[in-house]
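This is what each chain is made of:
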Amino acid sequence: MAAVGNSVPRKDGIGKATGHAVYADDIVMPGMLHGRTIRSTIPHGRIRSVNVVGDVPGLIVVDHHDIPGRNVVDLIEQDQPFLVERDVRHLAEPILLLAHEDREVVDAVRVEIEYEELEPLFDPERSEGILKSIDIVKGDVEAALADADFIVEGTYRTGHQEHVYIEPNVVVAMPEEDGIAVFGSVQCPFYVLKALKSLLGASAHIRVVQTETGGGFGGKEEYPSMIAGHATLLALKSGRPVKILYDRGEDMIATTKRHPSIVRHRTGVMRDGRIVAMDVDVLLDGGAYSTLSPVVLSRGCIHAAGAYRCDNTRIRGRAVATNTPPNGAFRGFGAPQTEFAVEVHIERIAEELAMDPVSLRELNALRPGDTTATGQVMGTDCSAHMVLEEAVRRTEFRAKREQYRGTNRSIGLALFFHGAGFTGSGERHLNSKARIDLTERGVRIAVGSTEIGQGTRTMHAQIVADALAIPYEDVEVAQPDTTLVADSGPTVASRTCMVVGKILEQCAMEMKDRLGGMSPADYHAKHGGFSVLRKYEPPDWIEWDDHTYRRDAYATYAWGCDVVEIEMDPDTLEVRPVKVTAVQEFGRPIHPALARGQIEGGTAQGLGYALLEHVVMRNGGMANAQLTNYIIPTTLDTPEFDIVMLENPYAGGPFGAKGLGELPIDGPAPAVVNAIRHFGVDLREIPAIPERLVACASR
Amino acid sequence: MRFTLNGVATNVDAHPMSRLLDVVREECQLTGTKEGCGEGECGACTVLVDGDPVCSCLVPLAQVEGAEVVTIEGLGDDHPLQHAFMNEVGAQCGICTPGMIMAALSLEPDASIDDIKVALSGNLCRCTGYSAIYRAIMKARQP
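Here the protein sequences line up with chains A and B, keeping their order. Numbered according to this note's numbering, the first sequence terminates at residue 699, and the numbering increases by one at each position without gaps. Numbered according to this note's numbering, the second sequence terminates at residue 842, and the numbering increases by one at each position without gaps.
Accuracy of the hints is not assured; some may be wrong.
Subject to a maximum C-alpha distance of 30 Å in a straight line, what follows is the list of computed DSBU-like cross-link-like pairs (lysine-lysine) [what the hints assert, rightly or not]: (1) Lys197(A) x Lys138(A); (2) Lys194(A) x Lys138(A); (3) Lys579(A) x Lys838(B); (4) Lys400(A) x Lys838(B); (5) Lys400(A) x Lys816(B).
Because the hints were derived from the structure by calculation, they are not lab data.
Can you build the whole structure from these sequences, using the hints too?
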């Protein structure tokens, strides 16, 4: 039986269901110390003095003087220190590290820090600290606006979103004979390796091992490099293993979140509904350091004109610095913010024209042969109309919209897309590698791509099994250890199936040739083992200019249309989702049950983003940093899902697959707000909490 | 402090105000029970005390003196719910799974989908959107 296309058992399923799977906090080592991070209590200022109160026997103390290499987390820019030297740029910035064998003792240590406080800046619209700016230009927007029948303008805002992986961050660092080993809940072990090399010096021997990871969603993309650095410094100073485990409050206050956004649209439309000019301005609040803001802005801007054709488009984007903890990667990576804005804006255009919102989308949605804002020509893998038509048909959208008019029930939709893989020339620069090894029993996959719940191990094993024509059970997957596996690039950007899976498919085909018809076990018995290592080769037609942002931003896109039915409580204005129909096309599902899980889970996160998840910032820090009052969807907040997976195979992906992981989070928020709009509430901001609805309704 | 843990008489020498979660994970070295929030909101640390699902992060050791405590390890490796969670992809990252399974154990065999939602409303899952968890629970009841 073919593995691909079937919902074979997850490689990690039974370990997780029995409690045997080993997460980083389950690791206990002899002599292990518990680490603690002392953080700034002000958002902006200079440190005058740091004083550890009292004499605590056995206490290990580390500050920036203990750093042997460079005091920067090496990512895109080198601006964020592992430990503050003098200048504090945000609340909860790491200053000092402590470790002790008794957790209660280390937690009780008092540290006094004197500051010279400076005025903090929290408003991104007032910030002059540009982390990145982007200009995408197609045609002549001003001329087209002048010729348009109507101009529709609007400003749309989105808030922070906290990842709430159920396993908080945790890293264990252990001195080894010739260096350091780090075990952690991480998405990107090779990112951690790069950061530790900068911290310790290039000659240091470093091993980074990913343990079972209890959710990531982007939140364990870059921040674990910081924690791994801290644990490593304490381990090197003490000569003992050190565990740093964040509790929920520390994790929520100190680590990254989704970037808040302010997006302005000015759109020229003709009387018949044709969109002739789109002028878009995107502002992202990056927080105190660059981290990944430049590339989040990039993806956000490229998706900012939505899934629509428009000959005259200008997209200007800025990510700016403020005195809040840095924002970073979160599933969707800038696209949920800009697609929220454009999809609510499209709904407003329909309203202005007194046009059916579906008809307006049908008229303007991208078709094969059309070009995107960057000038990328859509191929037959463009499915905007296919998902829209199926979603509208299946939900009887137009009839229900009429039927619900004047009731406390409503229905709304959003059309969206998501580019798979790194943006532009990113995959070429990454130059990812994958390896498979012939073993006594079959084949072992050896890549740095991590299993964080989405099904990496299972899906990769399916691809390799079918490409080799061997049973799925004969394929094992190595635990990511940077000294033992190939660097297949970070586990981000909906690339693990489409990009890494493709390299693995090619590895398997090469191995199959070399086996010459023998089974892996027979070949191994006769000739011994061997490995196949291959590099990713992006499609040769991809053209991309990093300076002008022109041409092929992504090798392909996945497409979706979400229809959300809601009920609103007439007294409290509380909005409850009743049913979500998610029609999504992502090439072809390798594992239908895993793919369905990605859509259901991503949609639930998107509903939380739309309705519940309100990060309250006070003095530059999250004021509701606990699960008691930062609310993510529970069983009772999550509606019935109707998931439809349409197929439109993409020749550049393994067995026709595109990327899927991020697509589902782009649609729910605009669909919810568009449904709220049909109640007559002009809401342009999420989360759509009752307080905001009251304010809108009374305007 | 004496109690029964997964059917075995257990005597733990720990402070009576120690969290049951820490006692289970550290003193008894049963790490299948997970900590997600430490404030009784996420349910990842759910265990059964005298048959009732409780958040072990909120229970002091003193409170289980003489009680029967069951953790995920107490189900063995072959429980129908475990197989169903694997086969229906009720577990993605898996960190909520032991707590989710312990909470699901308290369901009546004829529980409706709404009963399931209420019973699991104290257990957060950030990966699945819950639907696959319902499918797993429904599947586990089939003969």
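Structure-based check of each hint:
1. Lys197(A) x Lys138(A): Roughly 42 Å separates the two Cα atoms, so the pair is violated.
2. Lys194(A) x Lys138(A): Roughly 38 Å between the alpha carbons, so the hint for lysine 194(A) and lysine 138(A) is violated.
3. Lys579(A) x Lys838(B): holds, 23 Å
4. Lys400(A) x Lys838(B): Violated, at roughly 33 Å.
5. Lys400(A) x Lys816(B): holds, 27 Å
Of the numbered hints listed earlier, those contradicted by the structure are 1, 2 and 4.
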